[in-house]
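Each chain, written out:
There are 2 protein chains.
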Amino acid sequence: MSTTNATIAPGSVGEVVPQRAAFAEPLALKAGRALSGYELVFETYGELNAARSNAVLVCHALSGNHHVAGFHRDNPGKAGWWDNMVGPGKAVDTNRFFVIGLNNLGGCHGSTGPASIDPATGKRYGASFPVVTVEDWVESQARLLDHLGVRRLAAAMGGSLGGMQALQWTLSHPDRIAHAVVIAAAPKLSTQNIAFNDVARQAIVSDPDFHGGDFYSHNTVPARGLKLARMLGHITYLSEDLLGSKFGREIKGEDYGFHYDVEFEIESYLRYQGDKFAQIFDANTYLLMTKALDYFDPARAADGDLARALGAAQAQFFLASFSSDWRFPPERSREVVEALVKAGKSVSYAEIDAPHGHDAFLLDNALYHRTVAAYFDRIAADVGAGARARPLIIGGAELEEMKGYAGTREAEP
Amino acid sequence: MSTTNATIAPGSVGEVVPQRAAFAEPLALKAGRALSGYELVFETYGELNAARSNAVLVCHALSGNHHVAGFHRDNPGKAGWWDNMVGPGKAVDTNRFFVIGLNNLGGCHGSTGPASIDPATGKRYGASFPVVTVEDWVESQARLLDHLGVRRLAAAMGGSLGGMQALQWTLSHPDRIAHAVVIAAAPKLSTQNIAFNDVARQAIVSDPDFHGGDFYSHNTVPARGLKLARMLGHITYLSEDLLGSKFGREIKGEDYGFHYDVEFEIESYLRYQGDKFAQIFDANTYLLMTKALDYFDPARAADGDLARALGAAQAQFFLASFSSDWRFPPERSREVVEALVKAGKSVSYAEIDAPHGHDAFLLDNALYHRTVAAYFDRIAADVGAGARARPLIIGGAELEEMKGYAGTREAEP
Numbered sequence: 004m005s006t007t008n009a010t011i012a013p014g015s016v017g018e019v020v021p022q023r024a025a026f027a028e029p030l031a032l033k034a035g036r037a038l039s040g041y042e043l044v045f046e047t048y049g050e051l052n053a054a055r056s057n058a059v060l061v062c063h064a065l066s067g068n069h070h071v072a073g074f075h076r077d078n079p080g081k082a083g084w085w086d087n088m089v090g091p092g093k094a095v096d097t098n099r100f101f102v103i104g105l106n107n108l109g110g111c112h113g114s115t116g117p118a119s120i121d122p123a124t125g126k127r128y129g130a131s132f133p134v135v136t137v138e139d140w141v142e143s144q145a146r147l148l149d150h151l152g153v154r155r156l157a158a159a160m161g162g163s164l165g166g167m168q169a170l171q172w173t174l175s176h177p178d179r180i181a182h183a184v185v186i187a188a189a190p191k192l193s194t195q196n197i198a199f200n201d202v203a204r205q206a207i208v209s210d211p212d213f214h215g216g217d218f219y220s221h222n223t224v225p226a227r228g229l230k231l232a233r234m235l236g237h238i239t240y241l242s243e244d245l246l247g248s249k250f251g252r253e254i255k256g257e258d259y260g261f262h263y264d265v266e267f268e269i270e271s272y273l274r275y276q277g278d279k280f281a282q283i284f285d286a287n288t289y290l291l292m293t294k295a296l297d298y299f300d301p302a303r304a305a306d307g308d309l310a311r312a313l314g315a316a317q318a319q320f321f322l323a324s325f326s327s328d329w330r331f332p333p334e335r336s337r338e339v340v341e342a343l344v345k346a347g348k349s350v351s352y353a354e355i356d357a358p359h360g361h362d363a364f365l366l367d368n369a370l371y372h373r374t375v376a377a378y379f380d381r382i383a384a385d386v387g388a389g390a391r392a393r394p395l396i397i398g399g400a401e402l403e404e405m406k407g408y409a410g411t412r413e414a415e416p
Numbered sequence: 004m005s006t007t008n009a010t011i012a013p014g015s016v017g018e019v020v021p022q023r024a025a026f027a028e029p030l031a032l033k034a035g036r037a038l039s040g041y042e043l044v045f046e047t048y049g050e051l052n053a054a055r056s057n058a059v060l061v062c063h064a065l066s067g068n069h070h071v072a073g074f075h076r077d078n079p080g081k082a083g084w085w086d087n088m089v090g091p092g093k094a095v096d097t098n099r100f101f102v103i104g105l106n107n108l109g110g111c112h113g114s115t116g117p118a119s120i121d122p123a124t125g126k127r128y129g130a131s132f133p134v135v136t137v138e139d140w141v142e143s144q145a146r147l148l149d150h151l152g153v154r155r156l157a158a159a160m161g162g163s164l165g166g167m168q169a170l171q172w173t174l175s176h177p178d179r180i181a182h183a184v185v186i187a188a189a190p191k192l193s194t195q196n197i198a199f200n201d202v203a204r205q206a207i208v209s210d211p212d213f214h215g216g217d218f219y220s221h222n223t224v225p226a227r228g229l230k231l232a233r234m235l236g237h238i239t240y241l242s243e244d245l246l247g248s249k250f251g252r253e254i255k256g257e258d259y260g261f262h263y264d265v266e267f268e269i270e271s272y273l274r275y276q277g278d279k280f281a282q283i284f285d286a287n288t289y290l291l292m293t294k295a296l297d298y299f300d301p302a303r304a305a306d307g308d309l310a311r312a313l314g315a316a317q318a319q320f321f322l323a324s325f326s327s328d329w330r331f332p333p334e335r336s337r338e339v340v341e342a343l344v345k346a347g348k349s350v351s352y353a354e355i356d357a358p359h360g361h362d363a364f365l366l367d368n369a370l371y372h373r374t375v376a377a378y379f380d381r382i383a384a385d386v387g388a389g390a391r392a393r394p395l396i397i398g399g400a401e402l403e404e405m406k407g408y409a410g411t412r413e414a415e416p
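The listed protein sequences derive, respectively, from chains A and B. Counting from 1 along the first sequence, just add 3 to a position and that's the residue number in our numbering. Counting from 1 along the second sequence, just add 3 to a position and that's the residue number in our numbering.
Since the list can't tell identical chains apart, any single copy or any two copies may satisfy a pair.
Restricting the straight-line Cα-Cα distance to at most 25 Å, the calculated cross-link-like pairs of lysine-lysine (DSS-like) are:
1. Lys191 to Lys33
2. Lys249 to Lys191
3. Lys255 to Lys191
4. Lys33 to Lys255
5. Lys81 to Lys279
6. Lys81 to Lys249
7. Lys249 to Lys279
The hints are simulated quantities; they were obtained by calculation from the structure and are not laboratory data. Owing to the predicted nature of the structure, the values given are computational and were not obtained by experimental measurement.
Make a model of the complete structure from these sequences and hints.
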């Protein structure tokens, strides 16, 4: 956990410094309102090549942020959330690609969001911050690319809600994206997905400390509601089998305690995760992110015909799903794959056997990372990002045998 | 919805009046404490035969009660919760069986529970009401049978937590039960089951109106927490497919509203169910019932060996599960069936194809009800409860073709 260790870890981009960009032009939102201006916090890894053809945008999921890879000087032991995916020699090889991570508009890690000061009032937005959508995020991200001098993305990529953004990129700006890498996502939420989100939102808004979204001025946070939302979320991120093998029915004492305090290990784990999250995450951002999930439904504009909706895309697609993911199970990715095939698009798809549930997209898995690496080799060849200079690094180790890993594309249809 | 209609509905037991029984002898609980005395509210349907051999105990699940069948004079439109299962001519035929339904100890529908007055203090029990277990319930039910002059049950039956009680009966009082009918149950909760229960409990205990369980003296109820618990519960009671086909992604308006008020139909449904439940159910009872679920684990006393644990049983068993139940899926019932087979017990098992999820055990389903009816014919023959005098009634209609319904036992192993 020392700076030295983090610095020398094979495949780490090393120390990174977040950057900021301010956008003065009003952004028209799907909600029918406009944000008069906004700031985005972001990080970049690798170098933009002379042809400006090697940019990869990494979109984050519900609770993610701009810190995708490497570490910050003030917290050298904590790597970015997709550090196992992005770095020199890794699946998304920063020796070849210029990788951009950002905190989405409405977020709570530095970009303009509900906790930011509304210039019109001089007070925090709070409840007045608009509901933003996946489409809105893509527009705000397009402006960030303009700012960085990137006309066309080699790829947009993301898992879960991040994958939805990658997919939306191909529809909002078909001429500005060569490849979409859509992992553990869905073309729209199921009724059950929405139901879980609503329980989470109700937990937050019914917390007396929420104050209708304006808790900032009451010097409090709806910690009880956020904790419940996170506990519930965690259950849906993990597979039932993984929960069983990790926690089982283990209890803290020798025998049942016959009380309502924490007793089973799974209770201890969930409450700890919930408490930790409630201390760092903004409740309004949580509401906003879940609503963006609920609203995402590109087929809606095409009377529910996903293939027709995806017809506008010009990108090539890579999708991956995980066998034990019950939040966005493989069936949901297959819906997208089948619609893309029907629409005559180029699509590769990998269904990864993994026990972890939805969270698998964030975890070490050699087959998964090899498959993504193979697809990024294809992207590199397509956009002129150069060849891989060293063996693939997975989980901190070089895979020497990976010289022939193009042969592992068996998971592609 | 008139009294007349309810009275003449084919297969209805008609108007019923709840009864009460008081038990003065202290009841020693698994928690290591004793209740100095308690009352149980119950209903009976049909007549106890001369041999006292035809009694069937119906055990309720998390939010159930003693009102199993028929209707009360003050609410003639509302039938008991298992009215489609219990009545003259129905699967559990009250022309042949003496059926007993009760509100469990710790409940909130008339039996002694957290909202009752503690005779030692003259105040409501509240937080001081002991945690009770499935084993404790069986003991309290055994005393009710003594009170009713029933030495040995023809059957104990129940769904979900009710099925766990039926199973426990065969272990606690092997000589007092001939058949156990265990529907949509499990031999113990999975880690995920416990996790969902803990989120529900945390929602309740973190509601500022909970007051550590003594909300009665504050003239309030933790309605926010109870609502969240019920919303979450409902999601797990229904299959994802049923939610999808029933509510889809329907919204209240023409287009997205871009607000956090109720918008999707599923939100409206869940919040309505949650609000309704919060008005009628006791929060302490909810905690207690979920904890009884968490603790149930008969194999625990046999070092996890369920077959060995069930070795003490002398009853014959019928189990049923439903294909779309993801709370207690068929795999969980099969665990019990396999352990019973291993222990050399007589067991019949039906796996019913039904789209409704866990709630299927409460719903009309001809194959399900025919299968249960067939098993109760076997019970009737076993205990001398007489032959079925009329065709089976399912969903209010006589099934004439059911004369040969013994042939539908194909679901039994």
